[in-house]
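So the protein lines, in turn, are chains F and E. Numbering-wise, our numbering puts 196 at position 183 of the first sequence, and it's gapless, one number per residue. Numbering-wise, our numbering puts 127 at position 114 of the second sequence, and it's gapless, one number per residue.
It should be emphasised that the hints constitute simulated quantities derived from the structure, not laboratory data. Idealized CB from N, CA, C, for every residue including glycine. One thing to keep in mind: the hints can contain errors.
If you anchor each label on the Cβ, the simulated ranges turn out as follows [what the hints assert, rightly or not]:
(1) K174(E) to A77(F): 38 to 46 angstroms
(2) D30(F) to D168(E): 22 to 30 angstroms
(3) Q123(E) to E47(F): 14 to 22 angstroms
(4) A129(F) to K172(E): 51 to 59 angstroms
Listed below, chain by chain, are the residues.
2 protein chains.
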Amino acid sequence: MKDTGIGSEKIIRRKRDGELEYQPDDLTIEEPLEIRIGRKTLATTMRTPGHDEELAAGFLVSEAIVRERKEIATISATGVKLKLDSAQRFGTISSSCGICGKNSIAAIRQNFPPIASSPEVRIATETLTSLPDLLRERQGDFVRTGGIHAAGIFDLTGKPKIVREDIGRHNAVDKAIGRAFLDGLLPLDRHILLVSGRASFEIVQKGLSAGIPIVASVSAPSTLAMNFARESNQTLIGFLRPPSFNLYSHVERVILEKY
Amino acid sequence: MKDTGIGSEKIIRRKRDGELEYQPDDLTIEEPLEIRIGRKTLATTMRTPGHDEELAAGFLVSEAIVRERKEIATISATGVKLKLDSAQRFGTISSSCGICGKNSIAAIRQNFPPIASSPEVRIATETLTSLPDLLRERQGDFVRTGGIHAAGIFDLTGKPKIVREDIGRHNAVDKAIGRAFLDGLLPLDRHILLVSGRASFEIVQKGLSAGIPIVASVSAPSTLAMNFARESNQTLIGFLRPPSFNLYSHVERVILEKY
Numbered sequence: 014m015k016d017t018g019i020g021s022e023k024i025i026r027r028k029r030d031g032e033l034e035y036q037p038d039d040l041t042i043e044e045p046l047e048i049r050i051g052r053k054t055l056a057t058t059m060r061t062p063g064h065d066e067e068l069a070a071g072f073l074v075s076e077a078i079v080r081e082r083k084e085i086a087t088i089s090a091t092g093v094k095l096k097l098d099s100a101q102r103f104g105t106i107s108s109s110c111g112i113c114g115k116n117s118i119a120a121i122r123q124n125f126p127p128i129a130s131s132p133e134v135r136i137a138t139e140t141l142t143s144l145p146d147l148l149r150e151r152q153g154d155f156v157r158t159g160g161i162h163a164a165g166i167f168d169l170t171g172k173p174k175i176v177r178e179d180i181g182r183h184n185a186v187d188k189a190i191g192r193a194f195l196d197g198l199l200p201l202d203r204h205i206l207l208v209s210g211r212a213s214f215e216i217v218q219k220g221l222s223a224g225i226p227i228v229a230s231v232s233a234p235s236t237l238a239m240n241f242a243r244e245s246n247q248t249l250i251g252f253l254r255p256p257s258f259n260l261y262s263h264v265e266r267v268i269l270e271k272y
Numbered sequence: 014m015k016d017t018g019i020g021s022e023k024i025i026r027r028k029r030d031g032e033l034e035y036q037p038d039d040l041t042i043e044e045p046l047e048i049r050i051g052r053k054t055l056a057t058t059m060r061t062p063g064h065d066e067e068l069a070a071g072f073l074v075s076e077a078i079v080r081e082r083k084e085i086a087t088i089s090a091t092g093v094k095l096k097l098d099s100a101q102r103f104g105t106i107s108s109s110c111g112i113c114g115k116n117s118i119a120a121i122r123q124n125f126p127p128i129a130s131s132p133e134v135r136i137a138t139e140t141l142t143s144l145p146d147l148l149r150e151r152q153g154d155f156v157r158t159g160g161i162h163a164a165g166i167f168d169l170t171g172k173p174k175i176v177r178e179d180i181g182r183h184n185a186v187d188k189a190i191g192r193a194f195l196d197g198l199l200p201l202d203r204h205i206l207l208v209s210g211r212a213s214f215e216i217v218q219k220g221l222s223a224g225i226p227i228v229a230s231v232s233a234p235s236t237l238a239m240n241f242a243r244e245s246n247q248t249l250i251g252f253l254r255p256p257s258f259n260l261y262s263h264v265e266r267v268i269l270e271k272y
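So here's chain F without its partners, still in its complex pose:
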């Protein structure tokens, strides 16, 4: 496992004035990671190296293979070993392939019931609009490469708990949720997940797998992300570009002074 997600390479840059420079450039590292359970490959993902155990753990959570820390016997660079019950559960679902195999959204809904409503789980507009800057400040690699996504888990007062970066938005979310899972913090039922970029179905579903009631993204959500959030009782926020944002579902969790 590497300590940095950045590689430096000499490239040719054409500048605004048409002049050419041969200069070093920082690129986001992308390499394949096989996620194995025992000897069986569950999925191979193209990810930025680092926090690989977290990535594997978060992936297993989002695939409903594990629900509690104690279900994992060992997790390491050579694979994940599950305890017996989880191994049996894995046996029943391993025919579907992890990252690509969202074969049946109905099956996902069955694995992850909607978030329970809780009137005190609310976030102030001021807090919500403070999050993108907090995420960016903690995103060291983006500034250098411009090519890496981030996922942050914040509490309802806006305090950052975990921030992870990866070339894939879904991997960044897996790493953040995986860290929380390994620390025994799930469900994150009083937290908000913020992702750079867009909110696809997969991001909202991963949030649900960790029990996260509020999912926000800096860019656009998809129709399926919105419909899934509506059904799973999750608040979905898009285009979070302070002072503006859009609310796509369960607006009751955002304290809107003027509403």
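With chain F's structure known, arrange chain E on it following the hints.
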């Protein structure tokens, strides 16, 4: 199959002045598509509906399952039927899962030899820097949703041949390449592929599968995208934001007046 990749929904928007509006909003449609060969599911991808046959065809090309139009007996919403030779080839590789299963980059390199060098395959700086505007002009859905990627295939004079949009960058590339494949235009050895967003390994590899010598992206490439392009004799251009751009590999295909 639908004619549009956009769904309209009522959402709450917080405006810059803090006022709230309940208004219709255009969202990119995201829905699962199963790509089947006969009765076997090869992959399930989350895509924007429309041009599904192209998506399936492009995917099969990039997975080295088909190389020529005549290998496909039928292609439809209910699946792809292959002719005998290709079906046998599919049988030998079907254990690897499509979208997630870039199990072995070495295996990919074996399936797709490097692009042959051809001194006349070059693009002028002026032509290259004209492409982002041409792509954007043809990208109707992005303007409305802000949440959709595009892939464009251009000839070396900058003439747009095929432009496709999708919520997933890799799907947009599959659709564009799939269209070219169905029209019998492969290899696209005198063309350039331009994608919105970043250039991951997958994008460069899909370009290679269609024989495309020049791949450009509006944002950052990854280390693996660059290394793969260098090995496969492809020119990789990143941060194509006229008048600037970066050259990561095989710069000889870009005519640099001042170099």
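Results of checking the hints against the structure:
In this structure the supplied range 38 to 46 angstroms holds for K174(E) paired with A77(F), their Cβ-Cβ distance being about 43 angstroms. Between D30(F) and D168(E) the beta carbon distance is about 28 angstroms. The supplied range of 22 to 30 angstroms therefore holds. Between Q123(E) and E47(F) the beta carbon distance is about 19 angstroms. The supplied range of 14 to 22 angstroms therefore holds. In this structure the supplied range 51 to 59 angstroms holds for A129(F) paired with K172(E), their Cβ-Cβ distance being about 57 angstroms.
This entry satisfies every hint, going by the numbered hints stated previously.
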